[in-house]
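Chain order of the listed sequences is L and V. Per my numbering, residue 1 is the first one in the first sequence, and the count goes up by one each step. Per my numbering, residue 1 is the first one in the second sequence, and the count goes up by one each step.
Be a bit skeptical, because a hint or two may be false.
Have a look at the derived ranges for each label pair, beta carbon to beta carbon [as the list claims (entries may be wrong)]:
1) L:L80 x V:N29: 47 to 57 Å
2) V:L94 x L:V82: 17 to 27 Å
3) L:P29 x V:G115: 10 to 20 Å
4) L:D49 x V:H44: 19 to 29 Å
5) V:G66 x L:D49: 40 to 50 Å
6) V:L17 x L:P29: 24 to 34 Å
7) V:A46 x L:Q51: 36 to 46 Å
8) V:D130 x L:A69: 45 to 55 Å
Straight line, CA to CA, 20 Å or less: simulated EDC-like cross-link-like pairs of lysine to aspartate or glutamate [as the list claims (entries may be wrong)]:
9) V:K99 x L:D58
10) V:K110 x L:E55
11) L:K40 x L:D58
12) V:K9 x L:E55
13) V:K110 x L:D49
14) V:K12 x L:D49
15) L:K40 x L:D59
16) V:K101 x V:D6
17) V:K65 x V:E34
18) V:K99 x V:D6
19) L:K40 x L:E55
20) V:K99 x L:E43
21) V:K105 x L:D58
22) V:K110 x L:E43
What the hints contain is simulated information worked out from the structure, not anything from laboratory work. Don't be surprised by glycine CBs; every beta carbon is placed ideally from N, CA and C.
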Amino acid sequence: METTNQPMGTPPDNNLVWAILCTVFCCLPLGIVSIIYASKVKERWAQGDYQGAQEAADDAKKWAIWGAASAVILGILYVLLVVVIGIGGTFAGF
Amino acid sequence: MALLQDSNKYLKIGLILFLGGVFFWLYYNYNPAENSFFIPCPFHYATGLHCPGCGSQRAIHLIFKGDILGGFRFNPLLVLTLPIVIYGLSITILNWVFKTKYRFKLFYSKLFIFGYFGLAILYWVLRNIDSYPFTLLAPSGT
Chain L
1 METTNQPMGT PPDNNLVWAI LCTVFCCLPL GIVSIIYASK VKERWAQGDY
51 QGAQEAADDA KKWAIWGAAS AVILGILYVL LVVVIGIGGT FAGF
Chain V
1 MALLQDSNKY LKIGLILFLG GVFFWLYYNY NPAENSFFIP CPFHYATGLH
51 CPGCGSQRAI HLIFKGDILG GFRFNPLLVL TLPIVIYGLS ITILNWVFKT
101 KYRFKLFYSK LFIFGYFGLA ILYWVLRNID SYPFTLLAPS GT
């Protein structure tokens, strides 16, 4: 862990930690998208594309968040499913 | 104006600590294997197969209770990744709180990034193979 001493300064945080968490916990497909964006941050920064590097970092975070959101949405749908089937079952037992 | 922005930040920090506390309280006191209010894995629900995250809630419960080996049996990849994730998260949060710019060099290595990605895919496939030793990768396969 160090601040870089390169003349171009410190690259943006590539948000890889969120990509990893998303991949393992929430949604592997979107997590992978996030990882791919995170991998682009350093090379763009090294090429002098500072804005592109920041965009890649932001995209990495965005997709990790979408992965988490999709997991929450699926979770809500699951709860609804259980509740609906549960209620249906209660009333079906005549 | 600066003071207003500062109190906004303290609010966020408080919220994060509160949510973290709830998370810890929940997973410490309740075993996901025995309580149905935990969210199951959609992939597992739909296909019966294990995704890379399957077993991680039970693993976290056991780790909070101090049983790291037990946690390992439910999701080895998670337990091995945890130190790196905690370290990386700490850096991100401390950077945000103290406005510093420390970077974790490992996270910028393409070898690490794609190595980890490959590992996750491999893990996804291998832990679904129904014979020893791959069953060790499935939740509580030991």
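For each hint, the structure was consulted:
1. L:L80 x V:N29: 47 to 57 Å: violated, 26 Å
2. V:L94 x L:V82: 17 to 27 Å: Hint violated: Cβ distance 40 Å, outside 17 to 27 Å.
3. L:P29 x V:G115: 10 to 20 Å: holds, 19 Å
4. L:D49 x V:H44: 19 to 29 Å: violated, 41 Å
5. V:G66 x L:D49: 40 to 50 Å: 47 Å Cβ-Cβ, so the 40 to 50 Å window holds.
6. V:L17 x L:P29: 24 to 34 Å: holds, 32 Å
7. V:A46 x L:Q51: 36 to 46 Å: holds, 40 Å
8. V:D130 x L:A69: 45 to 55 Å: violated, 33 Å
9. V:K99 x L:D58: Answer holds: K99 of chain V to D58 of chain L is near 18 Å, not above 20 Å.
10. V:K110 x L:E55: Holds. K110 of chain V to E55 of chain L sits at ~18 Å (cutoff 20 Å).
11. L:K40 x L:D58: holds, 11 Å
12. V:K9 x L:E55: Cα-Cα ~24 Å, so violated.
13. V:K110 x L:D49: holds, 18 Å
14. V:K12 x L:D49: violated, 32 Å
15. L:K40 x L:D59: holds, 10 Å
16. V:K101 x V:D6: holds, 19 Å
17. V:K65 x V:E34: holds, 15 Å
18. V:K99 x V:D6: holds, 12 Å
19. L:K40 x L:E55: OK: K40 of chain L and E55 of chain L at ~10 Å, within 20 Å.
20. V:K99 x L:E43: violated, 24 Å
21. V:K105 x L:D58: holds, 18 Å
22. V:K110 x L:E43: holds, 9 Å
Checked against the numbered hints given earlier, this structure breaks hints 1, 2, 4, 8, 12, 14, 20; the rest are met.
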